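Visitor: As given, the protein sequences belong to chains A and B, one line each in that order. Quick note: the first sequence uses the numbering used here, first residue 665, plus one each step. Quick note: the second sequence uses the numbering used here, first residue 665, plus one each step.
These are computed hints drawn from the structure, not numbers from a lab. Because the structure is a prediction, the values reported are computed rather than measured. Check before you lean on any hint, since a few could be wrong.
Which copy? The list can't say, so a pair holds if one copy fits it or any two copies do.
[As the list claims (entries may be wrong)] With a straight-line cut-off of 20 Å between C-alpha atoms, the simulated DMTMM-like cross-links for lysine to aspartate or glutamate are:
no. : residue 1 : residue 2
1   : K1005     : E907
2   : K803      : E981
3   : K950      : D908
4   : K888      : E981
5   : K825      : E796
6   : K890      : E848
7   : K727      : D1003
2 protein chains.
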Amino acid sequence: MTTLPGQLNPPPRLLLGPGPSDAHPRVLAAMALPLVGHLDPYFLQIMNETAEMLRQVYRTQNKITFPVSATGMAGMEACLVNLLEPGDRIVVGSNGFFSQRMIDIAGRCGAEVTKLERPWGEAIPLDAIRDELRRVRPKVLAIVHAETSTGVHQPIEQVGKLCHEFDTLLVVDAVTSLGCVPVEVDAWEFDAVYSCSQKGLGCPPGLSPVSFSQRAIDAMGRRKTKVQSWYLDVTTITRYWGEDRVYHHTAPISMVYALREGLRLVLEEGLEGRWQRHRTNHLALKAGLEALGLRYVAPEGQRLPQLNAVRIPDGVEDLPIRQRLLREFSIEIGAGLGDFKGKVWRIGLMGFNSQPPVVLAFLGALEQCLNATGGVAAANAAYRKGAA
Amino acid sequence: MTTLPGQLNPPPRLLLGPGPSDAHPRVLAAMALPLVGHLDPYFLQIMNETAEMLRQVYRTQNKITFPVSATGMAGMEACLVNLLEPGDRIVVGSNGFFSQRMIDIAGRCGAEVTKLERPWGEAIPLDAIRDELRRVRPKVLAIVHAETSTGVHQPIEQVGKLCHEFDTLLVVDAVTSLGCVPVEVDAWEFDAVYSCSQKGLGCPPGLSPVSFSQRAIDAMGRRKTKVQSWYLDVTTITRYWGEDRVYHHTAPISMVYALREGLRLVLEEGLEGRWQRHRTNHLALKAGLEALGLRYVAPEGQRLPQLNAVRIPDGVEDLPIRQRLLREFSIEIGAGLGDFKGKVWRIGLMGFNSQPPVVLAFLGALEQCLNATGGVAAANAAYRKGAA
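Only chain A is shown next, with the shape it has when bound in the complex (with noise of 0.2 Å):
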């Protein structure tokens, strides 16, 4: 036999980039503990646990409120497979590299989909929803509230309100935003939402969170057609986290853990303390990285603390400076996605990692690779040009 792989070392990391961030050695802690069955008394017990807690983190009384057992993406899926059949209309608020996503996904749904259009790094305006859903009359429109290839916060707050006067159902990316800013699903009139575990809840990449309102549980229950998806189809998995017991899957134990534990602490912390803390850490890291020369993609007010994405510098190069953090500093930072690849940087502070002395760590190492490299002088002029 050819020799095996050593043993795991992973080397430590401050993770940075857009996920995942580093989760809390409680979370660690709770994936470490013995497995228990998929129907065992105690593990019921947890996914009441579970899904109650993730009520209160996403501020909804939905029933239907549960983790997918898969990553984020999966969520993605999930909300959209459930609620479109083929030839429904759906309009995507489309800015930016994850509503291409729910583009492609809606389309193997067999959707009619509209995309509603905005430049990489700009917000989607109210107004402009209006006359969309005013044209196209769609089942659904799905939107990104925070666009993690961009770090634009995504005004949300009256996006359900409105779409219910259409009798339009309201899907919502919640990946980059649950944890670290307000996510109201009932206040906001959300049909659909989904999420993470990694980012803003500070658990491993392996669940996501959803959960339905009860108009978009009417609309599953109006289908004429199957989910397309047996793994993801709400209907039947409910039947596991609700009170039949009705095996469907495996639930996979110990990332359940890593999600209760991190919804533990996000609860002690106050999700008011938790925003805030986003926000503060954000306003420090803002101060410093435009000391340096750097600037923002989003405009003022419609940038996410959690995740900041700045232009790479004229003159500074991406990939050197990130392999640098990484190699000397032990930090990862974010490449650009798609339109913004070599040209963006994006820097995340979620969950655990949105902490001073993070902040002064990364500004610390990214001050000294951009000298290294000359980088802090070509930013400044082009600051200044800028400015100019």
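Got chain A sorted already, so can you dock chain B onto it with the hints?
Guide: What follows is chain B alone, placed relative to chain A:
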């Protein structure tokens, strides 16, 4: 705020149901290691090592061999949705609970499904498969190698060769077989196969290792329609697991750590040794179960060593015994599924749990539980009656 749930404190169980089984302590330790990014050079190396060990465990050279980022049932769906298009014909070997799942999923793909039926507890004979292939000429034949609902060990060595005589692709459910009994993907000419991280591989549930032959890849290349699931679209996922490293979804880092450690344990032991260990402990369990008056569902020669499905004797109640085992001995065994509800117990000796002390502890506990409810007398009476 309402009181938060307390600290996680799972009861230490002996998991002898159909899965999950107890994870090896080294696997649990791997779960608690700090996260790295999903594009970190270290993680890319971990992915390569994991895929390579999966190839060894599956006994295949298949390039497309990787763990789907969801549980075993998602692996089933991945194999079917990538190979089936609307109107395609599929024959599904139908002799248990999990083949019904395949039929459901194939239907959602718009395939024309033919059931090749046998009673629960029987294997499907090669002659019946040949007749059905000749009659239907399907694109795909799907069959369960280790039927977890009945404990039947489907003879599978010749099925791939037979399928290829009819230009049919063979999809195999190896969820309960991999790591417990021989699975020879290349020698037995499987075209698509899926399993799970739990059970025979001894990790927590959450991943589904899959492998696709060149024939399957060619068939995917000839598709006229997009795969209906974006999350499970093998062509795009393998751009992340392959050399391109194109972002698809964020890999569940900790689960991949666990799988890597589980695979290391399998290969340290050696596959042949592991299969022998499962056989040996099965025979010990079988002797004890028969001494207690219990009879297997499957006929001699078609029994899975890792999943012992036995009939609950007349006069013995299902639930009280299972509850007592759990309450007094913290031992979980599996209830009957579907047609076998209330009639069958499923006793798993999988992976880490297939060891002599576990067999002895379980037999002792079961005897006490049966005695306490008068069950041993009833079981022995039923056995004598059956043998007469």
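Visitor: Hint compliance check: list the failing hint numbers for this structure, sorted ascending.
Guide: When the structure is compared with the hints, numbers 2, 3, 4, 6, 7 turn out to be violated.
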